[in-house]
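Peer 1: In the order they appear, the protein sequences are chains C and B. Residue numbers are given in this note's numbering: position 38 of the first sequence equals residue 38, and the series is strictly consecutive. Residue numbers are given in this note's numbering: position 338 of the second sequence equals residue 338, and the series is strictly consecutive.
Just so you know, the hints here were simulated from the structure itself, not pulled from any lab data. All C-beta atoms, glycine included, are put in the ideal place defined by N, C-alpha and C. Honestly, I wouldn't trust all of these hints.
Said to hold, decoys possible - Taking CB as the label site, the calculated pair distances span:
| id | chain 1 | residue 1 | chain 2 | residue 2 | range |
| --- | --- | --- | --- | --- | --- |
| 1 | B | F159 | C | K49 | 19 to 25 Å |
| 2 | C | K200 | B | L350 | 34 to 40 Å |
| 3 | C | N119 | B | K200 | 51 to 57 Å |
| 4 | B | R207 | C | E302 | 53 to 59 Å |
| 5 | C | I30 | B | E61 | 25 to 31 Å |
| 6 | C | V21 | B | K22 | 53 to 59 Å |
| 7 | C | N119 | B | I30 | 42 to 48 Å |
| 8 | B | L350 | C | R207 | 41 to 47 Å |
Claimed, not checked - Chain C regions said to be covered by chain B (calculated; three or more residues, Cβ under 8 Å):
| id | stretch |
| --- | --- |
| 9 | 68-77 |
| 10 | 101-110 |
| 11 | 113-121 |
| 12 | 189-201 |
| 13 | 242-254 |
| 14 | 285-293 |
There are 2 protein chains.
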Amino acid sequence: MVVQKFKDMLSAKSVIRELSVKATQRGKEIGYDNVFDYSLGNPSVPVPKKFHDVIKRLLDETDPLMLHGYSESHGIAEVRQAVAESLARRFDIPYTMDDIFMTSGAAGAMAHAVRAIANPGEDIITFAPYFPEYNHYVGGAGVNLKVVPADTTSFQINFEAFEAMLSENTAAVLINTPNNPSGIVYSTETIQKLADILKKKSAENGRDIYIISDEPYREIVFEGVDSPCVSKFYDNTIVCYSFSKSLSLPGERIGYVAVNPACEDAETIVHMCTQISRGTGHNCPSSVIQLAVAEMLEETAELSVYETNMNILYEELTKLGFEIVKPGGTFYMFPKALEEDAKVFCEKALKYDLVLVPADSFGCPGFFRIAYCVQTEKVKRSIEAFRKFVETEYHK
Amino acid sequence: MVVQKFKDMLSAKSVIRELSVKATQRGKEIGYDNVFDYSLGNPSVPVPKKFHDVIKRLLDETDPLMLHGYSESHGIAEVRQAVAESLARRFDIPYTMDDIFMTSGAAGAMAHAVRAIANPGEDIITFAPYFPEYNHYVGGAGVNLKVVPADTTSFQINFEAFEAMLSENTAAVLINTPNNPSGIVYSTETIQKLADILKKKSAENGRDIYIISDEPYREIVFEGVDSPCVSKFYDNTIVCYSFSKSLSLPGERIGYVAVNPACEDAETIVHMCTQISRGTGHNCPSSVIQLAVAEMLEETAELSVYETNMNILYEELTKLGFEIVKPGGTFYMFPKALEEDAKVFCEKALKYDLVLVPADSFGCPGFFRIAYCVQTEKVKRSIEAFRKFVETEYHK
């Protein structure tokens with residue numbers, strides 16, 4: 001007599017997960033080095049050695065009862081203080097520790113942000129292409145996720161469709177820039193226009209529409225790309241951050257909610273997060289990991305490899321005839337498939353040991369995602385596989 | 001326009017938290033050493049040094065991309081395997097890794113267990129005195145928590161009241177043995193009788209009523225005390241475990257769900273937990289912490305101090321005229337207050353720098369909780385404060 005809703009979810013398999021399993025299986029046959037596995041967004045560069053040094057020092061020098069003791073439900077005070085100071089310095093926004101709530105990665109941050117500002121039955125609007133887990137992050141709180149169709153020429157915002165979707169039932173808008181899966185960074189023009197529309201609509205509705213800004217790729221922006229800080233353009237912005245990508249720590253489940261101090265109810269929202277946690281069983285990330293990242297706030301893994309990989313793939317795939325909007329950040333690229341059904345296209349690619357993800361579940365059929373967080377040497381070797389794939393299947 | 005429900009929760013302060021703050025404030029005035037702070041269940045003995053050695057070895061010898069990479073959503077396979085083997089060996093129940101789901105402590109485990117087997121609007125029955133956070137663990141899933149009044153003579157189960165409360169709407173029974181706050185361990189007779197009633201009622205209802213067995217104090221059982229393994233008595237048992245108390249790691253947020261392999265849908269429940277996580281933003285505990293506890297499954301902190309403290313307090317407080325059911329485990333004791341209103345009693349105790357918690361929020365008015373996870377030397381010094389308190393206030 002288990003709960004049917006969750007049992008039913010088991011039959012809906014994740015496309016990405018299934019492809020990853022296929023890649024692993026194929027790897028056992030021909031060696032994983034020979035499988036061009038572009039399926040998963042798992043970072044490919046290690047955390048800086050300093051992170052391990054910090055943990056060892058904490059283990060050696062801190063009273064274990066303090067180090068491993070219950071932290072405040074907001075997160076460890078000195079960690080929140082350090083995060084606030086770093087954000088304030090970098091983005092020139094007067095964050096204090098009262099605006100910071102420590103979470104289990106961006107997923108944990110989103111779970112709190114959504115519940116804090118949207119009632120069950122209200123709408124949160126996001127923009128295709130989008131990370132498919134948003135369906136669960138938003139739906140899990142009983143809130144409706146509405147998806148604005150993509151502007152496939154630029155992967156900026158399709159404002160016409162967006163304005164038509166805004167209503168009195170809109171509690172928030174959820175954006176992800178730099179974007180998974182497109183790799184696109186929203187421009188200053190885009191963010192300014194979004195902020196203007198939301199200010200106007202909030203006034204019309206007599207209630208603030210929030211922006212939830214999901215920013216795990218904030219530190220992975222390529223040379224010369226305009227990457228505006230969303231919170232500078234719109235007061236009612238709640239940032240959901242994760243150290244998973246910037247420090248290559250996805251398994252450690254560490255991130256935070258940062259509420260713009262100019263936001264109405266800023267401090268209240270952070271306190272509310274401690275109440276939300278009680279009902280979801282969250283209760284803070286690991287105390288050792290909290291303390292360790294607090295000393296790594298101005299550091300990142302060696303992220304430049306992602307830009308190197310992007311440039312190789314963009315140049316070579318464009319030559320092979322792919323239409324691609326050039327990524328401005330992340331470790332994703334989002335080309336148009338060479339036939340209408342991207343699932344068929346990606347199925348065929350598997351024959352050439354290329355593991356690509358069709359974008360139907362990202363709300364953008366006809367496109368596919370390349371997660372190029374792999375060794376550059378392998379990226380280079382994959383070009384020949386792409387060439388064979390395209391020539392054999394599409395230039396017969 | 002934040003969500004009112006969570007905003008309203010901010011005004012309902014936690015009695016325990018408030019008392020802990022008072023204890024800290026008083027500590028600043030007279031030195032914390034002179035405050036007999038019995039308010040919080042924070043362990044007072046450190047994790048074994050081996051835990052730190054294991055973490056250091058993991059940091060030194062594991063590929064950081066593997067060590068800190070995304071783990072499977074069930075938890076790291078080798079960790080689940082180790083947990084299953086340890087449980088199977090210790091309790092002679094054929095657990096396999098398919099029965100284990102890694103969580104952020106017992107709170108995370110309960111959040112998953114409740115959602116897996118109770119639909120919103122159904123009932124979960126628990127027994128006073130009970131841990132007040134159960135209201136949130138259960139209510140946060142939209143499920144009703146029903147509380148059976150205490151049998152204050154033994155703090156075993158009040159079966160008459162329990163049977164009257166069982167209905168077709170009962171999805172599960174939530175027990176906590178050894179118990180917070182009473183310190184009582186349910187006897188074999190109690191567990192057997194509970195199992196018999198549930199088997200009969202499940203057959204009558206045509207649906208299985210589950211036991212959710214919250215077992216963070218499983219390893220803290222005193223000499224000679226009968227402490228039966230619940231899962232051996234009832235197939236449909238889901239254990240929620242935490243390493244917070246046994247290894248003194250509450251801040252690391254690490255525990256698991258262990259579904260009795262004899263349970264109907266055992267493997268399905270564990271898979272369902274991965275789906276539940278997606279909606280609550282949980283997504284696994286820290287990978288380093290998972291791997292480290294996997295090597296500590298047969299170890300505990302030096303827990304004997306709690307029995308030492310219990311014996312001192314039980315003997316001395318009984319002499320002072322307190323009525324106490326002698327604890328069989330945990331680090332809690334649950335005497336009857338010396339006047340009807342335990343809140344007034346505990347307020348008076350503060351004048352003697354004794355920080356005690358009135359049990360109204362535990363569903364048992366007229367009693368108070370002593371959390372004796374403090375240094376034994378301090379426990380001894382506190383006896384004089386208890387004597388002064390009792391003589392001055394109640395033997396005038």
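Peer 1: Does each hint fit the structure? Answer for all of them.
Peer 2: Hints and how they fare:
no.: 1; hint: B:F159 with C:K49: 19 to 25 Å; in the structure: violated, 60 Å
no.: 2; hint: C:K200 with B:L350: 34 to 40 Å; in the structure: violated, 55 Å
no.: 3; hint: C:N119 with B:K200: 51 to 57 Å; in the structure: violated, 42 Å
no.: 4; hint: B:R207 with C:E302: 53 to 59 Å; in the structure: holds, 56 Å
no.: 5; hint: C:I30 with B:E61: 25 to 31 Å; in the structure: holds, 29 Å
no.: 6; hint: C:V21 with B:K22: 53 to 59 Å; in the structure: holds, 55 Å
no.: 7; hint: C:N119 with B:I30: 42 to 48 Å; in the structure: holds, 47 Å
no.: 8; hint: B:L350 with C:R207: 41 to 47 Å; in the structure: holds, 44 Å
no.: 9; hint: 68-77; in the structure: holds (count 4)
no.: 10; hint: 101-110; in the structure: holds (count 7)
no.: 11; hint: 113-121; in the structure: holds (count 5)
no.: 12; hint: 189-201; in the structure: violated (count 0)
no.: 13; hint: 242-254; in the structure: holds (count 7)
no.: 14; hint: 285-293; in the structure: holds (count 5)
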